[in-house]
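Build out the structure end to end from the sequences listed, making use of the hints.
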Amino acid sequence: MQKVQTKKTNVIFGESIGKKAFRKLTSKTSTNVCLTIIAIYVLITILGYVGLLPDFQTRVGGSYEPPSLTIAKILGTDIFGRSILYKILTGTKTAITIGLLVTAISVPIGVGLGAIAGYYGGKLDGAITWFYSVIISVPYILLIMAISWVMGKGMFSICFAMGITSWIGLCRLIRGEFMKHKNREYVMAIKLMGAKSPLIIYKHILPNVIHLAIISASLSTLSAIKSEVILTYLGVGIQDGSSWGTMISDATGELSTGIWWPLVGVTIAMFVLMYALNIVGDALRDALDPKIVD
Amino acid sequence: MLTYIIRRLLHMIPILFGVACLVFLLFTAVGEDPVRVTLGEHATPEAVELLRAKWGLDQSLPKQFLDFLGQIVTFDYGRSYNTDDRIVDMFNQGALVSLSITGPPFVIGTILNLIIAVTIAYYRGSKFDRYSTVVFVAAMSVSYLVYIIGFQYLLAFKADLFEINGYAHGLESIPFLLLPWLITIVVTAGPDIRMFRTVFLDETKSDYVRTAHAKGTSEPKILLVHIMKNAMIPILTYTVNAIPFLLLGSFVMERFFSIPGLGDMMITALNNGDFPVIKAMTMMIALAFSVFNLLTDILYAWVDPRIKLS
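Top to bottom, those sequences are chains A and B. Just so we're on the same page, this note's numbering is the position in the first sequence counted from 1, plus 316. Just so we're on the same page, this note's numbering is the position in the second sequence counted from 1, plus 15.
Simulated from the structure, these hints should not be mistaken for lab results. Note that the structure is predicted; figures quoted are calculated from it, not measured. Be careful, since some hints might not be right.
Mimicking DSSO-like on lysine-lysine, the simulated pairs with C-alpha atoms at most 27 Å apart in a straight line are [said to hold, decoys possible]:
| hint | chain 1 | residue 1 | chain 2 | residue 2 |
| --- | --- | --- | --- | --- |
| 1 | B | K142 | A | K340 |
| 2 | A | K336 | B | K220 |
| 3 | B | K220 | A | K496 |
Covered stretches of chain B, as calculated for chain A (at least 3 residues, CB under 8 Å) [to be verified]:
| hint | region |
| --- | --- |
| 4 | 22-35 |
| 5 | 295-301 |
What follows is a set of in silico ranges between Cβ atoms, one per label pair, in the way DEER data are often shown [to be verified]:
| hint | chain 1 | residue 1 | chain 2 | residue 2 | range |
| --- | --- | --- | --- | --- | --- |
| 6 | B | S141 | A | I526 | 33 to 43 Å |
| 7 | A | G510 | B | V318 | 43 to 53 Å |
| 8 | B | T59 | A | V466 | 24 to 34 Å |
| 9 | A | S539 | B | V150 | 12 to 22 Å |
| 10 | A | S539 | B | D91 | 32 to 42 Å |
| 11 | A | V466 | B | S141 | 44 to 54 Å |
| 12 | B | L251 | A | S539 | 15 to 25 Å |
| 13 | B | D144 | A | T345 | 16 to 26 Å |
| 14 | A | P424 | B | L251 | 25 to 35 Å |
| 15 | B | G181 | A | I362 | 45 to 55 Å |
| 16 | A | Q555 | B | I123 | 32 to 42 Å |
Using N, Cα and C, we set each Cβ at its ideal position, and we do this for glycine too.
Okay, structure coming up:
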């Protein structure tokens with residue numbers, strides 16, 4: 317396996333970094349399977365937004381019916397006779413939305429502030445470092461609870477809260493990389509040619525460090541979906557509608573009365589997505605990290 | 016060294032000041048009115064005024080902020096709105112409870128995970144290594160809350176091996192804590208072992224390992240003596256950084272098993288609008304966090320003589 321790959325790299329010499337990373341990423345079957353799984357979850361989300369998912373609020377049977385062989389009741393029903401399957405599908409939409417929204421907020425903040433702090437240094441760096449040191453000193457859950465408490469409960473507010481508290485790790489990484497890169501020869505050469513700082517940051521250094529943002533985006537999606545469950549249990553998550561968090565929280569009382577299907581259904585749905593994201597995250601790191609050479 | 020510590024301690028002041036501003040902003044300036052929360056909608060204006068004066072809320076915001084800063088400096092945070100207990104006492108009591116949940120599994124878990132990670136690193140690239148990775152990734156893909164619910168149901172409810180929930184003080188608390196301990200160890204195993212394994216494997220590629228091999232040093236000795244020393248640096252950071260969070264316990268675990276630790280106290284306080292408690296506890300946790308950060312750096316220098324503190 318190892319040998320074949322080395323041969324390939326030698327043959328394809330003039331391949332771009334992006335292409336090479338993509339080839340490495342899709343070279344393993346397990347990664348491809350996981351990418352497909354994620355694509356299916358995303359597809360369900362899109363279907364949900366288009367309005368093609370069945371309404372989870374409709375009663376499809378009696379209260380707490382165990383799984384049976386009809387599509388709506390294949391995973392059983394909940395206390396109001398609603399289909400667990402439909403609830404999971406709607407929850408999928410919620411989970412993917414949260415994952416992507418949080419990532420869309422946190423990654424740009426992390427990259428932007430990290431780049432500015434690392435490149436300009438001095439007082440600007442001091443201010444940004446101070447800012448994230450303050451945020452990181454406050455317990456994460458407390459901060460999120462406080463923000464969503466101030467902003468009102470709901471999906472957008474917890475996404476916002478998670479987004480603006482979870483960029484710090486990435487910011488530190490990017491800052492460190494920019495500090496290293498700004499003294500490299502290629503940056504000095506461009507500076508001599510008269511390039512302006514924003515251009516150097518955006519066009520020249522950023523492409524060299526952006527892989528960190530991509531890797532961290534996959535992890536941030538994963539941890540946002542996980543956090544939603546915890547936050548919902550603690551009472552600050554999604555209150556209306558359906559999410560995996562509300563389903564798992566509801567299951568705390570149900571399990572002791574022998575009603576296992578809501579918990580099992582949602583756990584499997586979540587497990588598959590989390591597993592796929594974990595594997596893809598690792599594969600992304602292998603494909604994009606220049607330190608790992610095959 | 017001493018100048019370094021002093022400099023770092025001074026460096027903590029602006030950060031703690033920032034935390035104080037943030038906390039004050041979130042829980043005084045923009046938060047709900049705690050007087051209304053406590054007295055309800057139909058309170059008489061006189062009662063509202065009276066309580067306002069008692070809690071110092073009739074003062075201007077800058078004055079309230081100065082009072083808060085004064086509390087931080089003197090470590091006297093006053094009393095809880097709800098229970099009228101002294102907050103410092105609440106904190107001490109809660110922190111002890113929280114530590115009793117998180118401390119033992121942290122110590123046992125870290126040692127256990129380190130042993131497992133070294134074993135996996137010894138058999139790196141083998142089937143055992145690959146399968147264990149699959150198992151740990153799978154374990155990491157299940158929600159923390161599902162672990163708690165599932166373990167409670169299977170081990171406490173069905174198999175009757177543990178107490179279902181509750182808490183007692185002193186040594187009698189141990190039966191109630193066994194299940195939370197077990198769950199914490201299981202949940203942290205996945206991420207910890209994977210992290211430790213990566214650290215060990217990164218080190219195996221170093222030149223000094225190749226040299227040791229060339230000299231004919233045995234594999235276990237390389238792993239346990241040569242690599243272990245170098246791997247301890249990232250592992251130590253990772254571990255020590257987790258310590259301030261031990262103090263906080265686990266919000267979910269305490270909530271779920273009705274254990275009166277800091278996490279539970281803070282959520283109760285948040286739900287009741289008991290802001291002095293939240294503000295005080297956040298400040299004390301931030302302080303603990305900063306102190307442990309400093310300790311990590313000092314430990315760093317102690318473990319790795321190449322690092323000079325300046």
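Tested hints:
Pair hint K142 (chain B) plus K340 (chain A) holds up; C-alpha atoms about 22 Å apart against a cutoff of 27 Å. A C-alpha spacing of about 24 Å is found between K336 (chain A) and K220 (chain B), which places the hinted pair at or below 27 Å, so the restraint holds. With a CA separation close to 23 Å, the supplied pair K220 (chain B) and K496 (chain A) stays within the 27 Å bound. With 5 residues bearing a CB less than 8 Å from a CB of chain A, the region 22-35 of chain B meets the requirement of three and the coverage assertion stands.
Evaluation of the coverage hint for the region 295-301 of chain B: fulfilled, as 3 residues show C-beta separations to chain A shorter than 8 Å, against a requirement of three. Distance hint for S141 (chain B) and I526 (chain A): a CB-CB separation of about 35 Å, consistent with the stated range 33 to 43 Å. Under the hint 43 to 53 Å, the C-beta atoms of G510 (chain A) and V318 (chain B), about 46 Å apart, fit the expected range. Take T59 (chain B) and V466 (chain A): their Cβ atoms lie about 28 Å apart, and the range 24 to 34 Å holds.
A hinted range of 12 to 22 Å holds for the C-beta pair S539 (chain A) and V150 (chain B), which are about 20 Å apart. Evaluation of the 32 to 42 Å hint for S539 (chain A) and D91 (chain B) yields a pass: the beta carbon distance comes to about 38 Å. With their beta carbons about 52 Å apart, V466 (chain A) and S141 (chain B) fall inside the hinted range of 44 to 54 Å. About 24 Å separates the C-beta atoms of L251 (chain B) and S539 (chain A), a value consistent with the hinted range of 15 to 25 Å.
Taking the beta carbon of each, D144 (chain B) and T345 (chain A) are about 19 Å apart, inside 16 to 26 Å as hinted. With their beta carbons about 33 Å apart, P424 (chain A) and L251 (chain B) fall inside the hinted range of 25 to 35 Å. At about 46 Å, the CB distance of G181 (chain B) to I362 (chain A) agrees with the hint of 45 to 55 Å. Roughly 38 Å separates the CB atoms of Q555 (chain A) and I123 (chain B), a value that falls within the hinted 32 to 42 Å.
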